[in-house]
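2 protein chains.
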Amino acid sequence: MDPENLPVINNYLDASDPLSSEARVSRMHFHDNQRKVDYVLAYHYRKRGAHPAHGSPGHSLAIVSNGETGKDPHAGGPGDIELGPLDALEEERKEQREEFEHNLMEAGLELEKDVESKSQGSVFVRIHAPWQVLTREAEFLKIKVPTKKMYEIKAEGSIAKKFNEFLQKLSSPLQPRVPEHSNTRMKNLSYPFSREKIYLYNIQDKDTFFDNATRSRIVHEILKRTACSRANNTMGINSLIANNIYEAAYPLHDGEYDSPGDDMNDRKLLYQEWARYGVFYKFQPIDLIRKYFGEKIGLYFAWLGLYTSFLIPSSVIGVIVFLYGCATIEEDIPSKEMCDRQNAFTMCPLCDKSCDYWNLSSACGTARASHLFDNPATVFFSIFMALWATMFLENWKRLQMRLGYFWDLTGIEEEEERAQEHSRPEYETKVREKLLKESDKTVVQKLETDRTESDDEDDEDKLGWKDRFPGYLMNFASILFMIALTFSIVFGVIVYRITTAAALSLNKATRSNVRVTVTATAVIINLVVILILDEIYGAVAKWLTKIEVPKTEQTFEERLILKAFLLKFVNAYSPIFYVAFFKGRFVGRPGSYVYVFDGYRMEECAPGGCLMELCIQLSIIMLGKQLIQNNIFEIGVPKLKKLFRKLKDETEPGETDSAHSKHPEQWDLDHSLEPYTGLTPEYMEMIIQFGFVTLFVASFPLAPVFALLNNVIEVRLDAKKFVTELRRPDAVRTKDIGIWFDILSGIGKFSVIINAFVIAVTSDFIPRLVYQYSYSHNGTLHGFINHTLSFFNVSQLKEGTQPENSHFDQEVQFCRFKDYREPPWAPNPYEFSKQYWSVLSARLAFVIIFQNLVMFLSVLVDWMIPDIPTDISDQIKKEKSLLVDFFLKEEHEKLKLMDDPAPRSQGGEDRSRQSRAASSALSGRSQAGRAVSPGSQHTNV
Amino acid sequence: MDPENLPVINNYLDASDPLSSEARVSRMHFHDNQRKVDYVLAYHYRKRGAHPAHGSPGHSLAIVSNGETGKDPHAGGPGDIELGPLDALEEERKEQREEFEHNLMEAGLELEKDVESKSQGSVFVRIHAPWQVLTREAEFLKIKVPTKKMYEIKAEGSIAKKFNEFLQKLSSPLQPRVPEHSNTRMKNLSYPFSREKIYLYNIQDKDTFFDNATRSRIVHEILKRTACSRANNTMGINSLIANNIYEAAYPLHDGEYDSPGDDMNDRKLLYQEWARYGVFYKFQPIDLIRKYFGEKIGLYFAWLGLYTSFLIPSSVIGVIVFLYGCATIEEDIPSKEMCDRQNAFTMCPLCDKSCDYWNLSSACGTARASHLFDNPATVFFSIFMALWATMFLENWKRLQMRLGYFWDLTGIEEEEERAQEHSRPEYETKVREKLLKESDKTVVQKLETDRTESDDEDDEDKLGWKDRFPGYLMNFASILFMIALTFSIVFGVIVYRITTAAALSLNKATRSNVRVTVTATAVIINLVVILILDEIYGAVAKWLTKIEVPKTEQTFEERLILKAFLLKFVNAYSPIFYVAFFKGRFVGRPGSYVYVFDGYRMEECAPGGCLMELCIQLSIIMLGKQLIQNNIFEIGVPKLKKLFRKLKDETEPGETDSAHSKHPEQWDLDHSLEPYTGLTPEYMEMIIQFGFVTLFVASFPLAPVFALLNNVIEVRLDAKKFVTELRRPDAVRTKDIGIWFDILSGIGKFSVIINAFVIAVTSDFIPRLVYQYSYSHNGTLHGFINHTLSFFNVSQLKEGTQPENSHFDQEVQFCRFKDYREPPWAPNPYEFSKQYWSVLSARLAFVIIFQNLVMFLSVLVDWMIPDIPTDISDQIKKEKSLLVDFFLKEEHEKLKLMDDPAPRSQGGEDRSRQSRAASSALSGRSQAGRAVSPGSQHTNV
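Just so you know, the protein sequences line up as chains A and B, in that order. Counting in the working numbering, the first sequence runs without a single skipped number right up to 1308 at its last residue. Counting in the working numbering, the second sequence runs without a single skipped number right up to 1308 at its last residue.
Simulated from the structure, these hints should not be mistaken for lab results. As the structure is a prediction and not an experimental result, all values here were calculated from the model. Please note: incorrect hints may appear among the correct ones.
What the hints assert, rightly or not - Computed spacing ranges between beta-carbons, pair by pair:
(1) 995(B) with 687(A): 54 to 60 angstroms
(2) 398(B) with 1235(A): 50 to 56 angstroms
(3) 997(A) with 1113(B): 27 to 33 angstroms
(4) 401(A) with 1233(B): 47 to 53 angstroms
(5) 1233(B) with 679(A): 54 to 60 angstroms
(6) 848(A) with 990(B): 52 to 58 angstroms
What the hints assert, rightly or not - Once the Cα atoms are required to be at most 27 angstroms apart in a straight line, the calculated DSSO-like pairs of lysine-lysine come out as:
(7) 1102(A) with 1102(B)
(8) 1116(B) with 918(A)
(9) 1245(B) with 918(A)
(10) 1247(A) with 509(B)
(11) 554(B) with 1116(B)
(12) 1245(B) with 764(A)
(13) 797(A) with 1244(B)
From the three backbone atoms N, C-alpha and C, an ideal C-beta is built for every residue, glycine too.
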């Protein structure tokens, strides 16, 4: 039964990959048509001499697979010398490659590559992992594989079952037609692969037992840890790529996605059922995505899918809230009062000199518009959205658990821990440099007393605080600078608005639509700046994180994300925060306005309130950002890049030979795709959008609708990118979405306080309430507008700020302005009035109540929804006991062959107890079975 | 090397238990003086006949140990019949006991008991676990045991090391003199016990390899899962105890704590170095506590110790804040103004008719006193305490991790899960009843159509929603009732205060110290009520949780804790909340007072502000609760119980024979102790105290000091209880303190908002600030008192409420009262003034800022302090790789004996990779080691 004695290469019928034998030969396999290519390393070589390679002339293959056709690179093959003098760097690289490839072969991998026949060109090293290597690594990596045992997933109650069936029938046109989706009733028991327990697994075909993603993952693991002593003893392929020794390393796609025939592969299936706009209405085939791309990308799409489906109810309610605003617009007393030309509220001029007094009824339009977003329904909507965010996060936790169960991810913490331990190449380089410096210093210690590094470092092989300090300082300073830059740009736009408004007011022709022009242009400037800075900040964050030299990939990613998030968040939201909370609050009052520069007054909000402007700002930035980023950055730029590279490839001679271009190998095709660079930009885009949906939802209830529309496209766009435009990413196992979850829940919490302030401070909700219940004579809002306007005695306007050539139709003694201040005839004129303070109290009280209520409700929701779905936790328990039972059965059959005369006297009860106890102490089982019999061997008194 | 072939009972020198051979014989061992008693089951028997037992007359022992001396209980020994007719219940119990004991023996345990020689009495079944059972169970339970390998714990840097050594020298008198404490530099590598890998462990003596706590834990595990088919197939000893078949089950203490000799055992050591008031200044020997009592109790004392030590800095700062108050009392302008007799503020009368006008300066004393607690320093103190709470919780997480590392608790989740799966006996009974009912119903289905239970239950072996509904309803209703009861008692005390104050005011003699009398008596009533209800609510919570019939012990405990916490929290804090936030806020104003009953005005706060009263209330309740609960409930009641039981024992004849009373066996001694009932009361007391320390710390900065003083005693009190007064508890493994942590962090969060409101609403901090910066003419507080007092025109007092026989020395036209209201001469007299609203705004703004700032700082602290200390996470990593190395070495030596010619060609690098990979796939190691050699056995192309 020892697996090692079985023949390794047997029939190579790839059951999951029903390509014709012909197609398989040319695409996915070694030259022998049997061994599958699991991974490809690409590098670019250049030679001076044009000698033919050291292989036999008839062969264009230099199969270096495991010591048979390949030669020992350390022997210094005489062929190398024949090749003529290469330049030193190329030679060095070549040697490093040879050593690395030799080490890979020593690790058991089989390699194949073409001979370097031309003066320069790309060489693809194809790697195949034989069964021994796969099993060994699967055991080390504790990859869970299905055992022979299948079991039924717990059936629901009869009613729930029927309902579920009905639901399934109803949604069947929405289901992608993917084979995996058919049998969700049964699940294979999984158990970490172990060569000792080979009889547990249902190994029909050793070539297909591990699927392609797992195979390439295993090879990638080996590549990551194989050292190359010549290249400064660096560990792994990542360092070699970083040092330009290899150009790229990638696993192969499963085939072409747009091949014309009937032959199907997972990639084609994904393309047809998932990565097309035509199937936008369908559910995502998450299991297939996970199978093809690995758990990390699978989780991203699962998350995106859940988020998108959660946007549906919030969109519906958002639209209802909006429609409620539309429907009640005629009944809104304050806007009616504003529009009523008989209420002649003579307003103070909006700018010095050139502006005239004006009648409030001229702002009727904005008042009516702002009612659409500033009505009591939005308060409930923002409470709803805060709870929605909590519900979403809770449901995500549950979905994550569910997927973790179905994907057999339970108990992979240790693996993650290991992943953390791989140091990044840059870190290793830095440590080496430091060690070099230290050793220098010990030699010339007296000469270099002014060095900053000191000797009392305990462990020299780490970067200490002192080594990192410059990086941290640089980071801190740069981030501060970037934030200051963002703020100053926002301020710049404000100044632009103020000055342009003033300039336009001078010109009579443009005066009528000053506000519209200025607002629109300013928002567009903001948008453009945001888009540009977004790209810059992304690059800056990457650069800053590199300066920091984090030790592992994971810390690198986390710090990069945090920095990029901070910068992009500030960038995207600072103009919005300005409009929401600062605009119009530092205006001063007639007679003592606040001036930015000499003669330029601080800008005010439109008469309808700042909420309207906030809404415009939000909608333009959100929509513009999504449209432009989707179209230009995600579709346009990659297309351009592709075009550019194609052009470049064509101009470079000798790169593509005719045979390849006619029947390009899969590795050629994949090489021409863009490399995969991680999920960070995709997540980041969604997180910023999540911010738009939650943070200011009180002022813009339509945000979820726009987000929903965007995401329906976004899912397919990302899918298309992954399936058609990127090289296949390495399958990465992970249990959760990591730091993104913390960021999401942080935004969720932050949104509570932001919404509280938007409702309390930006909207007119509280003043209306206060008026209605404290000041109104008949409990209605009649007279509210009058109540919110203070009087100003125009004779007290400062010299030179009065309107020139007033065309106002009546003599003005008092003009009105929007504020709660004492009238000119009070003992302390223009001081804040009692109303001001009572309204302020009400606003603040609302913030406290809203914040604490919503936080309490969120905690309640969090507490009420268990993180692990009950059925899943039941299933996990059931799986555990099933596993032990299955295990015992299999073991028992093995034991029958051995002589084991000990009586199993305790029967079923003892066994069930053991089942529980032994669920993971399985290895000690056979012995345990023998030893259970009580007191049969020892002496008694 | 097979451990099973070794002789089981060999030399019985218990190294850790250096009692004289004589003492050991009579105390801790079977009659053969060799086998240690690991567990004792006690039961009480009664016989009608007085025949001698069926043993031989010379022997008083009925050793039933494993089928040698004992007889088969199922054979129905003829001796039983000879005994004459027992009553049916006794007979039934006896049979159940016999079956259970038989099953225990089948599980491999060895039993010994005395013959039932008298007509009635207690019988102790002593249980010994032989080596086979211990090893089997240790493997099942995955008990980590030390391996042969020791390793040094990472040394700190030279400076840190020196500092640490200095610190250690300094604190050496504080260290308990316990052997374990000496070598903290070295740690044994631990690995779950496995009989296959017996060569890993350093087994010098099979009797002492597992310490006493582990041995008894193993026996307890077996007891818990052994079934008894006669007793309705109940599982485990707990059901049997619940059904009165056994009286008690307990492991033995290690000996006597106060034996006079030099012989030392762990219990005595604990008593001398820990469980005495004399050593109150010493650190706790946590490792020894854990060794003796198990991890759960160890964690409690570690938590209590950390909490107590964290109270030291907060006490110091609390005292400083208090002293600052004392020092600045002379400079406090408002209290000086109040005491200044020249500022003749004529105050409105405090009650109708019988009270006179009074001068504010008469309240000088309280004003000065309240400055002690109401000064700016308390604001900073309450911010400090909020952060302190976060710091404490973070540090607890770290300490927990650290202890988890040293106690080898990493990776025991599965074990915990298993513990959850044990159903409680009550739950099983209920399920059985339900099943019975169901089967009844299917028979007489037509007859019982009015039953509430329905048939469409999916799984009959569970309690569904419908079965639980009555319990939940009862719970909900009872909790609501209890809370309503608490509130009504609080209201009752208020009424008492109002009426007594009114009554006393009528009497001239008592009038002078009405307030003091009333406040003092009311607080004492509150205290008494709290103490009584505390006990009642504890019982009620237990009863309610029983009604709920939770499935497992863990859910039972959690629900009990939640309920008890809710009830006790409401009970302890509702009078305090009343004083802090409600008292004096519904008084009304002169001329339109609010009346509770006819003629009784709502009570007001003292002129110094409610903070002073809050402070009195807090200090009396906190101190009284601690003193009385400590002295009466924790010291007095147990003493009384003991006395009572002693008296009862003495009056019952034939119970104690002379031999036993002279040389009582350890099981006799332990049987006379109180049974251990869990840590819930201890935790609960501390959590309520934590509430006093954090929730209202703004009003009572001395709370930490009192808590500290209490806890220094509490530690030793609890220690004494565990060491001397309780039976030895079962050692329970657990990783954390469970739900208590959530409750603590909940209190911490709640304290932020409570403190914000105390400072903003209860104290005078905000009004002073507002006055100083907005109304004061010169930026000082001069005139503040005048500012806070409104005017009232005495002619507007309602008819019949004017003071009778006013003795005030001058004619009163306006009296003053503390509120911000418009003066009588304003256009809208007695309405809230602008000051009122501006102060209110400031108060609310303060709440918002304080809450969000402190919450943000807490999150920051939480984020900055990693949950796992860096050195521990390093150590865990190091331990893992060390373990694999050690493992490989041991394995290698084994492998040398076998023929394994495969060359290990990849050397150290491959090995280090394996080390990482294999850290817990250890069982597959030997095979892995053989298979690593690459490509040596298979064919290549």
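Here is what the structure says about each hint:
1. Judged by the Cβ atoms, the range 54 to 60 angstroms given for residue 995(B) and residue 687(A) holds: they are separated by roughly 59 angstroms.
2. Between residue 398(B) and residue 1235(A) the beta carbon distance is about 52 angstroms. The supplied range of 50 to 56 angstroms therefore holds.
3. For residue 997(A) and residue 1113(B), the Cβ-Cβ distance of about 43 angstroms falls outside the hinted range of 27 to 33 angstroms, so the restraint is violated.
4. With their beta carbons about 51 angstroms apart, residue 401(A) and residue 1233(B) fall inside the hinted range of 47 to 53 angstroms.
5. For residue 1233(B) and residue 679(A), the hinted distance range of 54 to 60 angstroms is not satisfied, since their beta carbons lie about 39 angstroms from each other.
6. Checked against the hint of 52 to 58 angstroms, the pair residue 848(A) and residue 990(B) passes, with Cβ atoms roughly 56 angstroms apart.
7. The straight-line distance between the Cα atoms of residue 1102(A) and residue 1102(B) is roughly 23 angstroms, inside the 27 angstroms bound, and the hint therefore holds.
8. For the hint pairing residue 1116(B) with residue 918(A), the CA-to-CA distance comes to about 35 angstroms; that exceeds 27 angstroms, so the pair is violated.
9. A distance of roughly 17 angstroms separates the Cα atoms of residue 1245(B) and residue 918(A); the hinted pair therefore holds under the 27 angstroms criterion.
10. Pair hint residue 1247(A) plus residue 509(B) holds up; C-alpha atoms about 16 angstroms apart against a cutoff of 27 angstroms.
11. Straight-line distance between C-alpha atoms of residue 554(B) and residue 1116(B) comes to about 38 angstroms, which puts the hinted pair past the 27 angstroms bound.
12. The straight-line distance between the Cα atoms of residue 1245(B) and residue 764(A) is roughly 32 angstroms, outside the 27 angstroms bound, and the hint therefore fails.
13. Note on residue 797(A) and residue 1244(B): the hinted pairing holds, with a Cα-Cα distance of about 23 angstroms set against a maximum of 27 angstroms.
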